[in-house]
Each structure stands twice: as structure tokens, then as C-alpha cells.
Amino acid sequence: MNNAEQTFFTRLRDALGRNSSTRAVREPLFDSREPGELDALLARTNRTRKERLDLLATLKEFAAILNLRIHTASSTDGAGKTIAEIARTTDTEWGGEKRITMHDNPLLHGLNLEGHCKQDGIAVDISAIDPDKDELTEKLRLRHQAEAAYMGITGADWCAADCGAIAVMAGPGRGRATSLVPSVHVAVLTLDQLVADLPELYAQLENRASLPVSFNFISGPSKTADIEAHMVHGAHGPREMHLIVITE
Amino acid sequence: MHEQSDKSYRELANEALGDERLHSAIRMIQDRIGKGTRHLWKTEISQELRDKAKKARMRTLDNLDKVLTTLTEKIRANGGHVYFAKTAEDARNYCLKVAQKNEVKRVVKGKSMTSAEIGVDHLLEAHDIEVVETDLGEFIIQLAHDAPSHIIAPCIHMDKQQIGRLFEKELGIPYSEDPPTLTKAARKALREKLLSADMGISGCNLACAETGHISLVSNEGNIRMSTTMPKVHVALMGMERVIATLAEHDMLLRLLTRGAAAQKISTYVSFLGGPRQPGEPDGPEEFHLVIIDNGRMKMLADPRFREVLSCIRCGSCLNICPVYGRIGGHAYNAPYPGPIGAVVMPLFNGVNKHADLCRGESLCGACKDICPVNNDLPRMLSELRHMLAYGDEQWDVAPVDKGEALAFKGWYAAMSSRTAYNLLVKTGRLAQAPFVSDGMLKKGIGPLGKWTADRDFPPIARQTFGERWKTVHAPRLKGDSNE
Numbered sequence: 001m002n003n004a005e006q007t008f009f010t011r012l013r014d015a016l017g018r019n020s021s022t023r024a025v026r027e028p029l030f031d032s033r034e035p036g037e038l039d040a041l042l043a044r045t046n047r048t049r050k051e052r053l054d055l056l057a058t059l060k061e062f063a064a065i066l067n068l069r070i071h072t073a074s075s076t077d078g079a080g081k082t083i084a085e086i087a088r089t090t091d092t093e094w095g096g097e098k099r100i101t102m103h104d105n106p107l108l109h110g111l112n113l114e115g116h117c118k119q120d121g122i123a124v125d126i127s128a129i130d131p132d133k134d135e136l137t138e139k140l141r142l143r144h145q146a147e148a149a150y151m152g153i154t155g156a157d158w159c160a161a162d163c164g165a166i167a168v169m170a171g172p173g174r175g176r177a178t179s180l181v182p183s184v185h186v187a188v189l190t191l192d193q194l195v196a197d198l199p200e201l202y203a204q205l206e207n208r209a210s211l212p213v214s215f216n217f218i219s220g221p222s223k224t225a226d227i228e229a230h231m232v233h234g235a236h237g238p239r240e241m242h243l244i245v246i247t248e
Numbered sequence: 001m002h003e004q005s006d007k008s009y010r011e012l013a014n015e016a017l018g019d020e021r022l023h024s025a026i027r028m029i030q031d032r033i034g035k036g037t038r039h040l041w042k043t044e045i046s047q048e049l050r051d052k053a054k055k056a057r058m059r060t061l062d063n064l065d066k067v068l069t070t071l072t073e074k075i076r077a078n079g080g081h082v083y084f085a086k087t088a089e090d091a092r093n094y095c096l097k098v099a100q101k102n103e104v105k106r107v108v109k110g111k112s113m114t115s116a117e118i119g120v121d122h123l124l125e126a127h128d129i130e131v132v133e134t135d136l137g138e139f140i141i142q143l144a145h146d147a148p149s150h151i152i153a154p155c156i157h158m159d160k161q162q163i164g165r166l167f168e169k170e171l172g173i174p175y176s177e178d179p180p181t182l183t184k185a186a187r188k189a190l191r192e193k194l195l196s197a198d199m200g201i202s203g204c205n206l207a208c209a210e211t212g213h214i215s216l217v218s219n220e221g222n223i224r225m226s227t228t229m230p231k232v233h234v235a236l237m238g239m240e241r242v243i244a245t246l247a248e249h250d251m252l253l254r255l256l257t258r259g260a261a262a263q264k265i266s267t268y269v270s271f272l273g274g275p276r277q278p279g280e281p282d283g284p285e286e287f288h289l290v291i292i293d294n295g296r297m298k299m300l301a302d303p304r305f306r307e308v309l310s311c312i313r314c315g316s317c318l319n320i321c322p323v324y325g326r327i328g329g330h331a332y333n334a335p336y337p338g339p340i341g342a343v344v345m346p347l348f349n350g351v352n353k354h355a356d357l358c359r360g361e362s363l364c365g366a367c368k369d370i371c372p373v374n375n376d377l378p379r380m381l382s383e384l385r386h387m388l389a390y391g392d393e394q395w396d397v398a399p400v401d402k403g404e405a406l407a408f409k410g411w412y413a414a415m416s417s418r419t420a421y422n423l424l425v426k427t428g429r430l431a432q433a434p435f436v437s438d439g440m441l442k443k444g445i446g447p448l449g450k451w452t453a454d455r456d457f458p459p460i461a462r463q464t465f466g467e468r469w470k471t472v473h474a475p476r477l478k479g480d481s482n483e
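So the protein sequences, as listed, match chains D and Y.
Once you know that position 19 of the first sequence is 19 in full-length UniProt numbering, the rest is easy, because the numbers rise by one and skip nothing.
Once you know that position 190 of the second sequence is 190 in full-length UniProt numbering, the rest is easy, because the numbers rise by one and skip nothing.
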């Protein structure tokens, strides 16, 4: 702690009246839940298939407002076909060949996307660093890969049905740019990753042993209403977002 | 703290009062968002939740030393840098130092009011560093060399024709007044800047101490771009913008997006707690969090104003305020406009200097009713006015008008004595005679002149109620009882 920082904290404690007061503050500062509240929130996510399908219906309803397109697939391979169809019918925004960049994630590998896209000549690249190579050189390569891609594919850790928000954790093989730089973002998740709302989603975050340094909630395509409050999609992030829910 | 105009509050407000287009733009925002937020408070968000959120905010403020210590430790453990800035100058100098150390040529900014508060742009530009605002509204403002007029809709005072002509001139595109076409042109221009910048500067909506993250909300994605693509990310944070736990974050995020835009959630909510970690494909190599005092310490220490630090800067008070609705953001001439600005600007920058701001608000209470964390802005505005009337040592406030204070003292004395009051009424009645026409005072003198410039003032009646009682009513009552 340097001098400026020490002075800052001394002034802070003065402002709080701590230095003069003998009263010890013993508040459970970092425990803001009522007893049992977290467990109750976690227990809420033990749902039957029927209840999960109801959540999916809620999600579909709200997603329409967000311009977030929901697709369902009965199998992982079926999801791959759906994505290949989206890729085939979508044009590139900035020109160039059609390339897809994809997170390194077991669920996504099961899509067999490369196979489904081959006939259309669309290449699928994985956004993971080769551990045998220099990390910063690899980072640069993957950055070009993200910039060249017209579509980015990610998994989702959870999705809150009532507001259409997915949570995407960053990490090795899970580039942040994949859901941001390409013109179209496709996220894939399974039915059991649906939760009802943000409180349930936060409970899942809290329940994790640790959180990554970066994660995002994403609900729909990028949008702006800065010009005469006229809603336009595709301000800086993806202009289109698809969410594929695998119901198997 | 930078100001945008040399004109006075009165001049700017008068200009805005005659601007019909501005009124209709603000009306649209207030009707849609302000009323939308108010509706959400009545339907899906309970008063109980807002009370709970306020309690959490105040508890954090009461323990700010501990909460900030935890946040700092976590971020440092992840390899991030944390710097504590006492003044705006300290904060902007730190940004410059980081930029120079990394040989930064271009900085992209995610919309941040704190960056306007510390005035970092001018310093960087003076050192030949290009600074680009990336929020569409802020970008338009920057191109037009104008100033933002609303917290979340910075260019609502401009119409699409103005923006079309601006883009034609500055971006070299054919004239268009179609919002999607204009947005696409800006998307293209800004994408080049965002992908080639060396450093990103963002604010911080809410930091979460327990997990060691700052969090940022945006709909456009510019904030994610600015904090993901450049090799350095500097986040600016007022020292109060922290909460203790994830559970509190949940609560406050829900209030923030509803208060700001009547939205259930913004398109993006980013949590960031350090630089890129080993093995990660992307993210900044350096992460700096600048925690800024710049006068907040004094607000924290004063029980009258500690509450104002619980503000989550959603801007809902702007979306409901009748005064803001008429005079717009420019009249406030400050980084923080509207009712919240009318309270914090005097505290940041001198109560005497910003006397007009806290005296211009109507104290109608709409801002208090809509505030997601129940901030009692009208109470604090009254405190500020009290300081202006009687002076305040702690905040170094000089009484604005000694004559006024004296007049009220005199009035107090007269009101407390029957004889003095009667005398005052009698002399007043004689003295007003030359100024009365058609039964009204139309041309007042002294301070009354400001009132009668726009409105008539009723003169002192020929007979006061007390006098009438004696001559008319009392004898009649007496007569009644005799019957």
C-alpha cells in the first residue's frame, strides 16, 4: 500500500467516524442473504421436464421483444443442422468469405457443424490457444479470426427465461470476442440450463466454487435508440442473435 | 470539472424554454421511460425491494473502508491494478501515465459520466492521444462539438436531419435521415476505431466487492468492445459505486436497468475483475481500476448528504422531473444534470457557485418517488438552500443575500407581535397605493419586481380579515345571540 492509498483510507475512516469511535462494527457485511435463501433459490431449479418446457415458452414470449431469435432442436446434431441453415442463409456484413468462429466447448463439438457446413463451403474455426505456441502470437491470430468471422458460436452457462439473458463465462477456449465481434451471435444451450429469472441465475453464480475474471450476461442483439429514440439493431455488437435450445 | 458553456443558468434555461423541439424530445423520453419506470414500481418491483436495496447501499457506505479493501484485494489477486485518486487531477494524470507507459495513440471510451467529471479527454488530447467516444449518442455529440444533454440519451436534443447533415460532413456519407442508415455508418466508422485502439476507458456501474468485479451495462456493445479489444483497460469509478455481494448486485442491477430505461435487463452486463488470464484467447493485458474521491469523502462524512452517495446513476429522476422537462440537460451546464445534478454539483464544486441549480428545482418530490433507492433529493435540496440562506462553515458557503435573511428576520419579528403586525399592514397599505392598478400590484419594486415581471401580485386588502371581524362579523354574531 503506497502513501496515497494509506492517506485515502485514513481519510475514509475519518469520514466514517471510525478512528474516533470505539464502537466495533460487526456486521455480516458479505452475507446479505436471509438464512436458507440461497438454498431455496437453488432448489427452485429442480424442475420437471414439463416445467422446463413452460420456461421455454416464457423465454420465447419475451425473446420476441428483444429481437432474440429462439430455435429448438431435439438433438445436438439437429442443433448443428439449424445453425448450418442460419449460416447458409445469412450474408456477410463486411464482405469476404464466410467463416465461423466457435468456442472450444464439448457441447458445441457435438454439433458436427464442420460437417453440416462443408457443402456450403463455410469454414469453422475454434477460438482456442494452441498450448504449444507462444500465447501472445496465438492471441493475435485468434483476434484476426474473430474479426474475419461473420458468425460467432458460444455455449451458455445459464439462461434466465423471464428476461432472455444468457450468462457466458470467459476462459481458455472461450474468447470474449466470439459473442461480440462477428455480425451474428449464435448461442447453444440445453433445456436444463434454463432458469426462471435473474435471482435464480445469480444463485447459480453464487453457488460456483469460483467465478472467472470476466463473464457477461447477453440478452439479444446489440441495439441503440440514440437517434430520435428509434430502435436500431446492430450498433457495435452483433446485429442478430440466435439462441438454440436443445430439448433432448 | 469541465463546463460546457459560459452562459448562466438563467440564460441557458431561458433559451431552452423557447425550444419547442427540445420539449417534444424530452417529453417523448419522459412519457416512455419515466412513466414506464413508475409503472414497473407499481407492478413488478415492490417497495420492499427498493427499501432493501437502499438499506444495502447505506450499509455499504457505512462500511466503505472494508468493502473497498475487499474489492481491491480481489482485483490485485487477479493481476489488476487499483489506484486511489484523491482529486480529479490525480485521476486524469494516472490515466495519462498509463497511456504513456503503453505508448497509446488512440483511446476508445465507453460512456462514462465519471470521465466527464474528471475531464480526462482534454488532458489526453493535449498529449496527442486521440480520444473517441463510442456510445452512438456520445459519438454524435463529439462530432458536433456539442455537450450531452441526458444521462442515457446524450443527443436527444438533436433531430435526425441535424445528425444526417453532420454525418454527411464528418463521415463523408450521402445525406440520409434514416436512423438505421445513420447507425450503420457510425457502426462502420467506430468499428475501425474500436479494433485499432490501444486503450479503452470505461466507467463502472456497480462493483461487487465479494467477487472482485466491476460491472458495466450497455445496449450497444461499445462498452464490451472498449474493454475487450484494446490491450489496456482503465475503469474509472467513484468510490461509492461498490456493493458488497452478488445478492445485492442482483437487486441493484434489476433496479438500475428499470430505472434507466424501463428495461428488464440491458443487452449486455459485463463483469470484469482483472486482465486476461493465462490461456484466455482475448481480453486486455492490463487492467486498471481508478477509485475516485474528488469530494465524495466530504459527502460521506456529512450525515445530511451521505445518502446521496447511494445513487446508482440510473437517471430516472431526469425522466420524471418537470424542471428538467422544460429546461433540458444543457441548462444545468455540468457533467451531472437533472435533480441528482442539482444536489451533487453544488457539493462537488461549491454550493455558491452552483446556487442556481439547487434553487431551480421545484421540490415537487417526483424525483424522490421514482428513485429506485428512495433518495430524498428534495430534502437535500432544502438543506442546500438553507446553507445558501444562512451560510455554512463546513461547506464554506456564504449567505447569498443578507438583505433577504434580514427581511425574513424582520418578518418573523412582525409576525410575532400583534402591534408590529398591525402597524406593518397599515403602512404597507399606504405605501403600495401608487403601484396598484385594476386592483392588482403590477409593477413591484425590489425583490417583488422579479415576481411582478411575469405575474400580478395581490395588494394588501383594504381590510384584513381581523379588521373585518371586528367591524362586520363580530357585531352580527352579537346581534344573533341577542335574538
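Honestly, I wouldn't trust all of these hints.
Said to hold, decoys possible - Mimicking BS3-like on lysine-lysine, the simulated pairs with C-alpha atoms at most 27 Å apart in a straight line are:
| id | chain 1 | residue 1 | chain 2 | residue 2 |
| --- | --- | --- | --- | --- |
| 1 | Y | K193 | D | K98 |
| 2 | D | K60 | Y | K442 |
| 3 | Y | K160 | Y | K105 |
| 4 | Y | K184 | D | K98 |
| 5 | Y | K193 | Y | K160 |
| 6 | Y | K54 | Y | K35 |
| 7 | D | K98 | Y | K188 |
| 8 | D | K50 | D | K60 |
| 9 | D | K139 | Y | K105 |
| 10 | Y | K298 | Y | K52 |
In short, the hints are calculated from the structure, not lab data.
Going through the hints against the structure:
Between K193 of chain Y and K98 of chain D, the direct Cα distance comes to roughly 23 Å. Compliance with the 27 Å bound is thereby established for this hinted pair. Straight-line distance between C-alpha atoms of K60 of chain D and K442 of chain Y comes to about 65 Å, which puts the hinted pair past the 27 Å bound. Of the supplied pair hints, the one linking K160 of chain Y and K105 of chain Y is violated, its CA atoms being roughly 32 Å apart against a limit of 27 Å. For the hint pairing K184 of chain Y with K98 of chain D, the CA-to-CA distance comes to about 20 Å; that is within 27 Å, so the pair holds.
A threshold of 27 Å between alpha carbons decides the hint, and for K193 of chain Y with K160 of chain Y the separation of about 23 Å falls inside it, so the pair holds. Of the supplied pair hints, the one linking K54 of chain Y and K35 of chain Y holds, its CA atoms being roughly 22 Å apart against a limit of 27 Å. Pair hint K98 of chain D plus K188 of chain Y holds up; C-alpha atoms about 19 Å apart against a cutoff of 27 Å. With a C-alpha separation of about 15 Å, the suggested pairing of K50 of chain D with K60 of chain D holds against the 27 Å cut-off.
Pair hint K139 of chain D plus K105 of chain Y holds up; C-alpha atoms about 21 Å apart against a cutoff of 27 Å. A hinted pair counts as satisfied when its Cα atoms are at most 27 Å apart, and K298 of chain Y with K52 of chain Y qualifies at roughly 25 Å.
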